[in-house]
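Respectively, the protein sequence lines represent chains A and B. For the first sequence, the positions run 58 to 356 when our numbering is used. For the second sequence, the positions run 38 to 351 when our numbering is used.
By construction, these hints were calculated from the structure, which means they are not laboratory data. We treat Cβ as the ideally placed atom computed from N, Cα and C, and that holds for glycine. Accuracy of the hints is not assured; some may be wrong.
Some chain A residues flagged as far from chain B (calculated, every beta-carbon gap over 12 Å) [claimed, not checked]:
1) R84
2) V86
3) F109
4) G169
5) E241
Distance windows between CB atoms, simulated [unchecked claim]:
6) B:I329 with A:I104: 34 to 44 Å
7) A:L239 with B:I194: 53 to 63 Å
8) B:L343 with A:Y246: 33 to 43 Å
9) A:G181 with B:L199: 53 to 63 Å
10) B:L219 with A:T81: 45 to 55 Å
11) B:N247 with A:I98: 36 to 46 Å
12) B:T125 with A:T256: 46 to 56 Å
13) B:P164 with A:L239: 42 to 52 Å
14) B:A73 with A:P267: 52 to 62 Å
15) A:I101 with B:E216: 39 to 49 Å
16) A:T256 with B:R45: 35 to 45 Å
17) A:T256 with B:Y167: 51 to 61 Å
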Amino acid sequence: MSAARQSRAIFGAHEDISGPSRWTKLRRVMRQQPLGVFGAIVIIVLILVAIFADFVAPYDPTDIQFKSIQSPNGTNFFGTDNLGRDIFSRVILGSRTSLEVGIIATVIGTVGGALVGLLSGYFGGVIDMVLQRIMDALLAFPLIILALIMVAVFGNSIEKLMMVVGIAIIPGVGRIMRGIVLSERQSLYVESARATGATWQRIMFRHILPNVAAPLIVIATSLLGGAVLVEAALSFLGLGTPPPTPSWGADLSGSASTYFRHAPWMVIFPGAALSLVVLGFNLLGDALRDVLDPRLRNR
Amino acid sequence: MRTYALRRLLLMVPVIILVTILVASMMRLVPGDPAALALGQAATEADREKFREAYHLNDSLPVQYVRWWSDVFQGDLGKSVVHRTTVTDELRTRLPSTIELLLYSLFLTIIVGVPFGVLSAIRQNSPPDYLIRFLSIAGLSIPSFWLGRLLLTLPAIWWDYLPPLGKVGITDDPLKNLEQYLLPSITLAAGASAGIMRLTRSSVLEIMRNDYIRTARAKGLNERTVIWRHVLKNAFIPVVTVLGLQAAALIGGAVIIETIFNLQGVGLLFISSIFNRDYPVIQGLVLFLSVIFLTINLLVDLSYGLLDPRIRYS
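Pulled out of the complex, with its shape left as it was, chain B reads as follows (with noise of 0.2 Å):
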């Protein structure tokens, strides 16, 4: 197991090397002078020059490469070009409110997910079997970006309701903190729960189908204690694995929500180094994001080990 461990994430190393290759090649091939960009239509030439020397944007290539991992191991991500702040910086006050997105919705994706999954499976072909597996078919249908603009509308239209605006510190106001990530949260979760719901419902039901089930309840044992004992125990293997990706895929879900519900996030400073070519943050946070993403999904991946004894790495 631990050399298992150890041996994976070494091959972390090499996949993001070449993510960050990729990304730091590719930026460069986006038409568009980042010099220009940043400093507006009054700048002159020499404006630029300058620009480009104190970004270092006239060395060659690999040479800005190198000195951005050395950079970054003395944990400097970059400099924005277009917002004089470092991403390091960026992060650390934009971290704390994606996490917190992220969180909530991985919460509500457990208490819906996991317990309608188990009660669609349980009264496998009843009409709140069949009520939960449309919602579910539907939760993965409906787009998060049109459900979270009805979230916002809907309730603006009824009852004059919007969400608190601007930043509403978890430490400055608790409940408020809450009320203004009660609507992303269900937003991002909505898609996130049916995933969670479709697989309880027919990991419980290829469980519920074993002979140690029947076994069980031909010894006498209550429903009950079938269920929670014999069932879910085996069933929740799979479940937890896969709520482990689905933390991974919120990730990708919180770039849609931050800009829809305008939390001043993570997602949203992509975004926003995406419209205006600000190169050294997309680089910076693609690395951050990869090693996050890549780092949950091995988290994922050993915890089969742990969860399940029969599986054994090697």
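Next comes chain A alone, as it looks inside the complex (with noise of 0.2 Å):
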């Protein structure tokens, strides 16, 4: 199948032209994507156990109510951590903070790599040549580390979290996005859009932007797995989501060192979950990638 008739597949376009449903073709991609397919389901029912975490956790993850350091069992599915909390429901509602850090840092991000994109590319001059020595001196440092330098200024809650691991993908969003405005600017479309006389918000927003969405969305979703890896990482050294609001990665660290020996439960568990949501987003992105934009492959 051709890559333009994969994104008229998605996209629906060329409607006119009398073909098979858009069911058939959804039916199609699925077959041709299963692992995509399994990603999707993966974080589907990933998001439903965040939003109805409080109904789906039989105990209150931060009530200390039972005996410390318990295997798991009928009453503590996952056992107790080293306080006497029930690990199933800090599983549970862990997976809130992982999906509300890594979706919304992975939109902060991506808004705003694509405005910087946008600028940059399409007026190139001056303000390119500012933002991209902004966007060097953000990506003079891994991922990782930029994230710990703006905890370390800004401090850490989920709030400040979100902003941190947004701003922190920002450079690398803005730098694909930047590359790919450049060719759009050339095409025809946005020569005539120009010479109707648009204004250049008009030919960014409503001309360019739409024509880079796959692209964009392509990016954003293979970012998603990533954003939810520092924030977890980032708790996990203690500068991340502050206790006692559960959180994948803070308890992994700590205590959860500490009696790694007679609980590798306090290990095991959330560890699990949290490669769990990353493989789901993951084949989902590659999914995505291959679906709606092959040129993207071996970015």
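Dock the two chains into a complex; use the hints.
Now the structure itself:
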């Protein structure tokens, strides 16, 4: 199946040409991407769990109400931690922290990066020069180190974490978007829009943006897993989600490391949940990339 | 090529200046008085004032910044306000450990990532291919700190095994040293080798679709020659460059790995100075890390031209 037909299958463009219905097309895509479907199911289930966490979790995740260090049993499916909290409930509520921070940070990073890419690629010149030097400065570190520096400065509430991880994502998105916008700017539709006297805002957001939406969605999806991981890593290092809020990363550090020989379940379950989310996002991102934008395959 | 390299080197200068100004001014925004943190509760205001005087903390920000650079050019990256050591000394004792960790990890990344990636591509859609693809997507999804924790936990429970504690120098006891770095390197390399596997696979597959590969087969070359001489040589160009980028990304991973395995390297120093609000150390390390990171990235970009004569720089 050609790339053009694939993107048509997704976007439902050219609907005047009578072809297979949307459902048939969707089913065909799903058959070709079984792993992507698996990833999507994992993510949908986890989002539902996160939304209804209060009903799914049998106990209050911060309540110290059980005997400490109990191995998994009928009452505490995943056992209890050193303080006597129910690990199953903590893992369930932890999904909320992870997904919230991961998704919102990705949105911040994608919107910011798209804006930088659009401005930089469309205007060029001084604006491009200044924006790109700032991006260079942010790209002068590995992502996690950039996030650590910002956490050291801004502190670590949940809201600040979303912002920090989001900002850390911006330069990568901005760089890719700039390249795409640069080539879009040369195309005929932009030239004709300009000839009709459209303002730059209109050209940028009404003409160019819809045309770069596919790669943007692909980039955003592929970043979700990474954003979740950065939040977890910061929390693991003790610089992320502040206690007692359940966070998978934080639950893997601290007491989990002290008690690991007697209570391996304190380590196993939060980490497994974290891996599952990231796996789901990665599979979904891969599938979306293959379907929507094969150009990005090697990025 | 030479002018391109020179221009890129010059471009690093404004970036590094911008980075250090950003970090220097951000660090001053942090709440908490370093003098109070360093001296503790018992100190009097006079003690704290003396401390601020000694570390020039009372000067204005631009003055502090300029003084810092003049120190840097004399090989002094700053003094810790917590440990009474200099950043340069700390780097001298800690850098070997971090470099050792990075080299072992890079080595593991290459010997695992590349061969399995090639195997996966030349046996496309066979059971080994599916297995390798599954492992690589799992490797990208499992967080390094969880893997590291499991690699510490499970052997301890099953076989009562713990890696050697305390620092074992490579000259003191090479085998024990290797043992100490084995688990951390595996942990750090897991994600990187998964990435290299995927890239090698897609790169080899892409080359194999080319017409000249069909030509090579058509003129009767055996499969081994086709793969070794024609496919791999070209497929490795993107792999080598991404390996360089991975090496740079491993620096970030090292921060986490050193924390888990308590390796006294640069990453652990970075984390502890963030906890202690040890501004001078953070600032010195940021300069050091960004120069290393940018240099690796520059070398990666330049390597494109060396590996692939079709690429010309302008």
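Consistency of the hints with the structure:
Taking the minimum C-beta to C-beta distance to chain B, about 22 Å, the non-interface status of R84 of chain A holds against the 12 Å cut. The Cβ of V86 of chain A lies farther than 12 Å from every Cβ of chain B, with a closest approach of about 19 Å, so its non-interface assignment holds. For F109 of chain A, the requirement that its beta carbon stay farther than 12 Å from each beta carbon of chain B is met, with the minimum near 24 Å. Distance check on G169 of chain A: its Cβ is at least 17 Å (rounded) from any Cβ of chain B, clearing the 12 Å threshold; non-interface status holds.
No Cβ of chain B approaches the Cβ of E241 of chain A within 12 Å, the least distance being about 23 Å, so the stated non-interface status holds. Checked against the given bound of 34 to 44 Å, the beta carbons of I329 of chain B and I104 of chain A, roughly 40 Å apart, stay inside it. Checked against the given bound of 53 to 63 Å, the beta carbons of L239 of chain A and I194 of chain B, roughly 55 Å apart, stay inside it. The given range of 33 to 43 Å is respected by L343 of chain B and Y246 of chain A, whose C-beta atoms sit roughly 40 Å from each other.
At about 58 Å, the CB distance of G181 of chain A to L199 of chain B agrees with the hint of 53 to 63 Å. Look at L219 of chain B against T81 of chain A: about 53 Å separates their beta carbons, and that is inside 45 to 55 Å. The hinted window of 36 to 46 Å between N247 of chain B and I98 of chain A holds, with their beta carbons roughly 37 Å apart. Between T125 of chain B and T256 of chain A the Cβ separation comes to about 55 Å, which falls inside the hinted range of 46 to 56 Å.
Under the hint 42 to 52 Å, the C-beta atoms of P164 of chain B and L239 of chain A, about 43 Å apart, fit the expected range. As the Cβ distance of A73 of chain B to P267 of chain A is approximately 55 Å, the hint placing it in 52 to 62 Å holds. Between I101 of chain A and E216 of chain B the beta carbon distance is about 45 Å. The supplied range of 39 to 49 Å therefore holds. For the pair T256 of chain A and R45 of chain B, the supplied restraint of 35 to 45 Å holds, since their beta-carbon distance comes to about 37 Å.
Checking the proposed 51 to 61 Å range against T256 of chain A and Y167 of chain B shows it holds: the Cβ atoms sit about 52 Å from each other.
Hint violations for this structure: none, all hints satisfied.
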